[in-house]
Each structure stands twice: as C-alpha cells, then as structure tokens.
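**Q** Numbering-wise (my numbering), the sequence shown opens with residue 682 and increments by one.
One should not assume that every hint holds.
Keeping only pairs whose Cα atoms sit at most 30 angstroms apart, straight-line, the calculated DSBU-like set for lysine-lysine is [as the list claims (entries may be wrong)]:
| id | residue 1 | residue 2 |
| --- | --- | --- |
| 1 | K741 | K701 |
| 2 | K759 | K775 |
| 3 | K748 | K703 |
| 4 | K700 | K771 |
| 5 | K700 | K775 |
| 6 | K771 | K741 |
Calculated directly from the structure, the hints in this document are not laboratory data.
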Amino acid sequence: MGCTYMSEVNLKKNFVKRKKPKFVRPESWRYVRIKPNWRRPKGIDHKVRKEYKGWPARVKVGYGSPKAIRGLHPSGFKEVLIHNVQELLKLDPKIEAARIAHTVGTKKRIEIFQKAKELGIHVLNPVRLKKVES
Numbered sequence: 682m683g684c685t686y687m688s689e690v691n692l693k694k695n696f697v698k699r700k701k702p703k704f705v706r707p708e709s710w711r712y713v714r715i716k717p718n719w720r721r722p723k724g725i726d727h728k729v730r731k732e733y734k735g736w737p738a739r740v741k742v743g744y745g746s747p748k749a750i751r752g753l754h755p756s757g758f759k760e761v762l763i764h765n766v767q768e769l770l771k772l773d774p775k776i777e778a779a780r781i782a783h784t785v786g787t788k789k790r791i792e793i794f795q796k797a798k799e800l801g802i803h804v805l806n807p808v809r810l811k812k813v814e815s
C-alpha cells in the first residue's frame with residue numbers, strides 16, 4: 682500500500698498541529714490593554730513561568746515541529762515566490778507551490794496562472810478578476 686509524499690506530509694502536519702496548545706500572553710484575556718501575542722513571562726512570582734496547574738502552557742522547544750514539515754504551507758507544499766513564467770518552469774509540482782509576487786501586474790499574473798494550470802502547479806494566491814457588468 683503506497684503513500685504519496687504529499688499525503689504523508691499532510692498527515693504529519695495535521696497531527697503535529699493538533700497536539701499543540703494555543704500560546705497566548707498570560708492575563709491577555711483579563712485586560713484589554715494586553716494583546717494576546719505571546720511574551721515570555723519574567724516576573725519572580727509569575728504563575729505561567731512557574732508552570733502552575735490551571736494556567737496556560739508556556740512556549741518551550743519541545744513543542745517544535747519535525748524538521749520534515751517545518752516551514753511548510755498549511756496545504757503541505759513548500760512555498761516558492763514567482764515573478765515570471767521562467768521561474769515557474771523550475772518548480773516541482775509534487776512538493777512545491779507557487780506564490781505570485783505582489784509586484785507582478787495583472788497581465789503577467791494571468792499568464793503565470795494559466796501556465797501553472799497547464800503544468801499542474803498549485804498557486805497559493807490565484808488570480809481573482811472582478812466581473813465587468815454591462
């Protein structure tokens with residue numbers, strides 16, 4: 682029973698993401714002035730730093746992702762920034778996905794998108810054109 686590389690990566694990525702807690706800054710749920718972005722607790726009596734029961738988990742190295750899936754897009758592909766059609770030809774459609782650079786204009790963006798469709802390459806930010814009503 683063979684398993685494709687992408688499905689294997691997706692399974693691994695989903696499993697790892699599922700077991701990690703959501704790291705929020707302690708007391709951010711209590712005060713409006715404190716944003717939820719994680720900050721390291723430094724106080725001498727800080728409950729999270731001392732890892733008291735009932736308080737949120739603290740960020741530690743053990744929560745890191747396996748090397749094989751670290752830095753991948755949630756779709757399981759490795760992101761590659763594309764500026765033109767020539768760069769698109771260098772991609773491996775099995776493991777890499779294209780992200781069209783924001784500096785690329787609409788005309789070239791459509792060209793790149795059509796070529797990607799032909800080659801079977803996944804585009805992370807596809808062309809979305811507004812329909813002109815007449």
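**Q** With reference to the structure, classify each hint as holding or not holding.
**A** Verification of the hints:
1. K741 / K701: Judged against 30 angstroms, a Cα distance of about 11 angstroms means the pair holds.
2. K759 / K775: Status holds; Cα separation ~10 angstroms.
3. K748 / K703: Measuring from Cα to Cα gives roughly 21 angstroms; hence the hint holds.
4. K700 / K771: 35 angstroms, violated
5. K700 / K775: Holds, at roughly 27 angstroms.
6. K771 / K741: 37 angstroms, violated
Against the hints set out earlier in the document, violations occur for numbers 4, 6.
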